[in-house]
Structure formats: structure tokens, C-alpha cells
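Residues per chain, in single letters:
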Amino acid sequence: MKKYLTVVGFLFFASILTIILLAARKNTFLRETRENISIADIKRPKPFPICDEQWPTDLVWHNGMDQDIFSDPKATKGGTWNTSLTSFPPNFRQVGPDSNSGFRGAMDDNDLGLVDVHPVTQKLIPALAKEWAISKDRTIVYFKIDPDAKWDDGMPVIADDFIFRLKAMRSPGIVAPWYNQYYSTMVSDILKFDKHKIAVKLPSPMADTVLKAAMRPLPYHYYGELREIRKKYPLSRAISYLKRDNKEVPPNILKIKDEYESSVTSAKEGEKTPKEPSVEITVEDVEANWVKNHNWKIQPRTGPYNISSFIKGKEVTFERNKNWWAKDKKYYKNRYNVDQIRYTVIRDTNLAFEKFKLGQLDQFALLLPNYWHSKAKYLDPVDRGYMQKLWFYTQKPEGSSQISFNLDHPRLKDKNLRLGIIYALNIQNMLDTVLYGDYERSETFHEGYGEYSHPTLKARRFNPQKAIEYFNKAGYTKIARDGVRINDKGEILSFKILYAAPFHTQRILALQNEAKKLGLHLELDNFDTTAVFKAMLNKEHEIAWHGWGAGLRPQYRGQFHQSFAHKKQNNNLSNLDDDEVSQMIDEYRFALDTPTRVELAHKIEERLFELAPAVPTYKVPYFRQGLWRWVKYPPFIATPSNDMIMDAYGLFWIDVELQKEIRAKMTKKEIIYDIPPLIKNTRYKGAP
Amino acid sequence: MIPTFLVITILVYFLCRTVPGGPIEREKERMMMAQLEEGAQSSGSYNDELDKFATGELSDEDKAELMAQYNISDNAWADYFAWLGRTLSGDLGVSATYNEPVSKLVINRMPISIFYGVISMFFIYGICVPLGVLKALKNESLSDNISSFFVFVAYAIPGYAFGAILLVYFAGQWQLFPLGNFVSDHYDSLGFWGKIYDLLHHAVLPMSCYLIGSFAFMTMLVKNTMLDNLSYDYIRTALAKGVPYRKAVFKHALDNSLIPLATHFGNSISIIIGGSFLIETVFNIEGFGLLGFNSLESRDYEVVMGVLAISCILQMVGNLLSDICVAYIDPRVKFD
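Residue numbers (the working numbering), protein chains in the order written: chain L, 5 to 692; chain H, 8 to 343.
Note that these hints are calculated values from the structure, not bench results.
Keep in mind the model is a prediction, meaning the values are calculated, not measured.
Certain hints may be false.
Unchecked claim - Keeping only pairs whose Cα atoms sit at most 30 Å apart, straight-line, the calculated DSS-like set for lysine-lysine is: (1) L:Lys572 - H:Lys70; (2) L:Lys279 - H:Lys70; (3) H:Lys111 - L:Lys301.
Could you build all of it, start to finish, from the sequences and the hints given here?
Structure representation (C-alpha cells):
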């Protein structure tokens, strides 16, 4: 008894001690703030040289000032927007290892490019550049940088910042092979004419020329001068890098090249070709240990917000730059209204939802049908008039959800079989039941791309007669005792369908049930995302259930070009190897004028429909969210390009007075009747 | 002890190396995904030329650079021994995702784990032992049956699921307790007593989740050993010799019933350290368990191994502590 009491007593005192020690701790959260450097202390690095070329005088200049504004003049500044993150970003870098977190977008949104795209008309509007012009051969784009443009530390945005970005993105020190490659091949050079005049050279004429050349700057004064280092590269890459840097290839490297080439040509058939040698060359590089040094540094930005403080693992706060250089510019006026944006890490979605219901978060995405139709169907704050549910149809490129057949599979090679499967997939039934009829059927692989999307093509619908007809054609004429079709060789009509997201199981089960009635067995195959992704890229799947993100224009090459077929580690998941499609894709890539490209895009879609290497499933052409009343938005609600009310366009604002009023009413549980609990806006529903 | 440590770490190290999704693969994945998402980053809007890079092939040089970044070479054994050497010299490496020393990450989270560990141990030992004794003395009575019912119901509910229920009702619906987190956001601006109140207010719900599982085990352990002891001859002898019932129970039977409990004391230390990653996720508490869980998910090997090494060592210290406790409680065991 005495010993027991001693132990319990000891634990009691240990508990008290722990509590006291925790309560005595200062700066519990280890909050870190952005360091302030005054302009006077900033050392200006050595400017880049001005190019020898002449600034052309016969250019046709565009300034994009003829578009309508898309913000609301009634917007007021102030307030804090509280939102959540599911995990804390691994670092604040935008390039380099582990920089590709979901949070990076929040920083990217605050880095302006040279031009922007109007969210309604999709025409170019000015951003950091005031005017731009394209050379006649469409390989050079000239920009006049807005002389007002400033970094948020007060330094002006100048030509050097763009050249620095190009050089930094080409440097090995950022440990980002993809960026190294991209900036070495997609941009040939940037010419500086004076502080505010640059020209971006592209390697070849391209469609959407200006957008391709419209880079973002990187603050040269902040990162400082580049250094030269010696670095080993494979021979061909080393030579291309030397050419890229306008350097001569040294004779010793030329000699190695000749030796290598002759050894390749003299290698006999069947013999292994000799390995490409590596050579050392001098390249420009960012400071040593750049990746480690810049993990948690906050760089100056040209956009309206920048990180002001953060607690690692817990929250990040962005603060509005009150002296933002563009705050009175035509297209930026009355946007970016809240003073602070606070991202708090909430790992559990249910917890975030509860916090939203208490008003600790200002909005909650209700895109998933189970939230909209079940969890958020009846919400107390909505009934009391404190909150509103919003359903807004948008018109922008849709991510492409599809089911891809692996054409390298011995049985799936047969088009009849694929068509049978496609006709046996009751996608509409899945949409109507599991997805409450919210999601829409995708007709083609690229929906929402305006004129680029095929206007009339319709995806094949569920059709039992046709399914049976095609299964019979494919040889699956008999039905075994378990109801699954079987061919003469005794092969059963059963395929594995590989997918990643566990919450898609229900959707695929709905398809499985319907298909079974026609004698097709779909076996569900699911692992964690990384493993599934790896299996798909290694083309180990039979049927893949997957989706691709959207770009500004349809992209076919990665998915359907024959140069990626039968090879591992690429995005041609169906292993489609068709000459006609590949030829059209190549033409599409290099075509310059829009009508040709549009026509080709339509033709490619038609051919893809005919070949049926994959079938498009559904699209979600809207956003849905719950909003507290104090979040205000323009009378037109949002533009067709918006992701949500609160997104990179920054059109919303917070009515601080109303916020106080509602919080007071919440404690008294008063009811307000003056707003509709639900708004469904279908202005942009359907094809444009 | 040392072989145990080696076997565990070797197993986990090689497991980590063989599961898909390591840092190099993530970079490959990134190359692959690049074509679809990079457009926005690079040039205002998009680029369809990008897909020419979407081959996912890293050159040998790129790969070597990335491997150097993550302390990985082709020889896993050499890497393991390098890791072991570093660990033994006190350097747990640098987290690949957080880019901070693992030891710092662990130390930052220690106070939270110790807080929950110590207090839950106090409650477990402070409540379960008297409850167990009471149940043993009133065996098969109504109070025994009712308490058994609740103890087993609690045992059957997983802590994290219980946490979700508590959050929805006690925090969301009735707003009696805060919605998760270790302390509130304005914690630093509070006074000393305010901080203590805040800490405890936030701790009630997660603590209940930590406790419900261990409760049944401990209570039933005490009850059963107590019942055993009460039926032994020495108790009967004591009673026959005229020792009062109270004394027979609390002095003789109780002390002996605590021996199996003492052997468990050390294991409880793993609660302190391990925490519970699921409870910590539900309540949004940045503790040791969550660190381990997140690192596993993001394949952050250095942290996985660091957390594992520390858990191993603490578990071993726990075993040692158990032995000391047994020696303290059990008069038959003596240190020479």
C-alpha cells in the first residue's frame, strides 16, 4: 500500500511539474517572422550587360488595356481570411527538392508574370509588363517592364531580375533537374536593352507566343551574384549547355565527342553501344548550399501578399502589402482586399469542417457529393442565416478523368473487346447514384477548352445490346456458370481495374455491378497512391482509372503519341501506337495559328474516339462551397475561371463590421432572414 | 539489448529502402507530372511543349545529385552502417521533408508527449488500481458488473474514433471544450494560471482517448491478480492469526498484486513516447506520434529511423525501469 501510494504520489508530482514547466515556457509556438531589411542596406549586385542588338522600331505594340475590369468597386479592405492546410509545407522554396507541395501555389499566386490572362475573355492583360510585341518570325517577344513595378522590399523590378531567373533556373545548385532542362530548352535567351526593356527569345516559332515568353522574375538583389563552378555532365548535355551559354566548345571536349561518335558508329550490331562519356564544363551557379539556405527564407515578391510570419508545423500568415505597386492599376484595383490570410494546419478534414461550422474558418469546399448532399445538407448556421451555400458553374479547362486500356495487354489489343467493355460501362448510372447526379459526363478527353474542345463529339453510352454484340465479335460468346463470359480458349472476360483513391471504390463498384450483368467482371485493384502511380507508369495495369490535370490548351503528346508507347515511365498509359494520331499531334504542336490548331485538336479527338484506347468518364465543371456571410463577393459572384470565391483572383472581401455583428448574433442565437441559404449560378453552365 | 536494437533498425532500414515512393521516385514522379502542372509556374500560363520532358528519365548525374542530397547510395548496407555510425555519435541526420535536424524535431515535440504520457500514467495508476481492488473485493456484485460493462465498452472503442465522437459533440455541438490543438492560438499572451487552464482545458478530450484503452487492461489485471492473491493460503493464515481484514488486503494482498503491474510500468513509458498518431491526427496535436506517422507517409527515412532509434532506446530504458520497479515492489528480487 505504502509503495503504491509512493508511485502514485510520484506520478502526481511529475504531472504537476510538467504542467508548470509547460506553462512557464515562453514563445511556445516558436513563431518566426520575416526579417525586415531597409532599402538602404540592400547591396546591388553587378548588373548584367546590355545586349548588342538594336531595339526594333517597326514592332506592333499591345497593352491589353481594352478589356473590361472584373472586380467590384464596392470591395472594402481589411479583415483576416482564415483557411486551412492539411499538412505544413516542407519548405518555402518554389524550386528544388520537396518544393512541390500544395502550398507552393499560395506563393506562386503572389509572383506576377510579365502578362496575365483575363479570366473572362482569356485575352492578354498587362502584369509586370506594360506593353509587349512579337517579332515577325514569332521567336522573340519584346516586353516593356512597367516602371512602377516593385518588389515588396521596395526595390524596382528590372530587366536583370528576369535574366537572373533564367540563369538561376539553369544552375545545378537548385537541384531541380526538370527546371534545368526546361529553362535550357524552352527559352533560348533573354536580351536586356535597358533597365526596363527586355526581349525573350524562344527556340522556335510557337503558338501562344507571348504566354510562352512571359516569364516571372526572381529578385536578383536578394539572391545576389552567380558564381562559376566546374560540373560534370553527359557529353551531349554538356555541349548543349555550352551552346546555350554562347560559349565555344573547347577542343578537348570536341575530341572526346569525335572519339565517342566514332566508337558508336564502329560498334557492331548486337554489341552494346558504348556509354556516353561525361565531361566537365564551367557553368554558372547560385550560392553554395542554396537549397538548404533557402528552405525557410522569405523572398521578396511582386504580388499583393507575402509571408509575414509562420510557426513551423502549425500556421503561415500572409500579409497584404499596403503599398503594393499595382494596387491602383486598372486590372488590379479592388482586388486582394483582405489584410491577412492565415493558413492553419488541420490534418483531419472532419475537424476542419467542425471548425468551419463554428466560424473559425471562413469557407469550406463542399465539392464532394457526400458533403453537399449529406454532411452539409442541414447546417445550423445556414438555417440561422449566418452562412450561405454556393454552387457556381465555371467555364475553364477541365481535368480529364478517364479509364485507359493497356493496349499492350494481349487481349485488350482487340478493339472489339474494348468497345464491348466501353458499352458495358454504365457511367451515367454511376453518376446518378453514387455521385448524386452532380458530376457530368465527359464527352471527349479535353473539355472546357473553349473552341479547342470538340463541339459535337459524344462519348459512347452504356448500351447492353452493343456490348454483347462486341463481346461476341471478340470471341466471348459463352457464359460460364458464374455469369462471366468466356471465349473458346477458356479465357474469362475479367480485367483488373487499377485505381488510387480509396473513395473512388464506390464509383467503380457501381460500374462493376452493371458490367457483371453483361458478363464482364471488373476486379478492383487498389494500393496507396505512390504504388498505383508507379504501376501505371510502368504499364503494369490492365485497365487504369485515372485523371490528368488541365492546362490552358489541350495536350495530346504525352498521353497519346506513339513515341511513348511500349515504353515504361511515361504518360501514354494506353500504349497507343497510331501513326495517324501521332502525325496529327506533331502538326498540332508546331502549328502556329489558332484555327489550324483547333481543327487538328478536333480531328485528334475524333480519331481517338474511333480507336478507343481510353474512355472519358466525368468532369466537375463547377465549384461549391459554404461561406460565412461576412465574406462578400461581386454581384456577378465569380468569373468563369475562378477556382473558388477565395482564390488567386482575390475578388472577394470581408465585411469586418458584419463579422462582428454576426458573431454577436451567434452568441444570442438570433436568426437572420435576409439572404438566400443557397445560390446556384448556372450562367456559365454548358458549352460556351 | 544491443542485438535487439540492431535487428530492429536493420529490418526497418531495409523496409524503408524497398517500399516504393522514396525521394528519388518522388522526383521522377515530379518529372512525369511536370507537363501538366508546370505551365502555370514557368510562364504565366502554360506550355504544351513541356511534354517533351515528360519521360520521367533522370540522367545519372541528376540521380547522383539527388541521392547525395538524401544520403543514399546504391549500397544499402554501407548506408545502414553510415547511419548507425552517425546515430551512435549523436547525429540523427536531417529530415528530408522538413530540412531540419531530426534531433531538433524530436526535442521540439518531447514536452507534448511527456505531458500526455505522465498525466495519463497518473490517471491509469491512480484510478485503475483502486478500481481493480474494489472490483476484486466486491466480485460479482452489481457495481462490479456495471463497472466491467463500461470498462469493456471503452476498451472496444478505438481511441481515435472515440476522439472524433468527442470532438463532434463536446467541442462542435455543445462547445464545452476546444476543437483540438494542444493549446489555443493566443496561449502565449495568457498569464500563468490562464496557461494552465488553457492546457488542461485542451487536454481533457485527447486525454480521455488516451485513457480508455489502457483502462480495461489495467483494471482487469489488478482485479484478477488481487482475486488470486486473496484466495492464497497466506491471506487465510493472516486472517486466522487475527490480522484485521483491511490490513490483510491492503498490506499483504495489494502489495503482491502490484508485482505484475510493476513489470508493466516500463512498457507504459512507450505510451509517453509513442503517443498515438491517430489520436494526435484527430486532435491536431503536434506530438511524437504524429511526427513518426507523417515521416512514414512522406517516406522521410531519416526521421523514421531517428524516431525508431529513440523509441527503441526508450523501450529498453523502460525495461530497465520495470526491473527496478519490480525490485522495489517485490522483496524476493534484490540487486546485488
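Comparing the hints with the structure gives:
Pair hint L:Lys572 plus H:Lys70 holds up; C-alpha atoms about 18 Å apart against a cutoff of 30 Å. Among the hinted pairs, L:Lys279 with H:Lys70 is consistent with the structure: their alpha-carbon atoms are about 16 Å apart, no more than 30 Å. Our distance criterion of 30 Å between C-alpha atoms is met by H:Lys111 and L:Lys301, whose separation comes to about 19 Å.
In the structure shown, no violation is registered for any of the earlier numbered hints.
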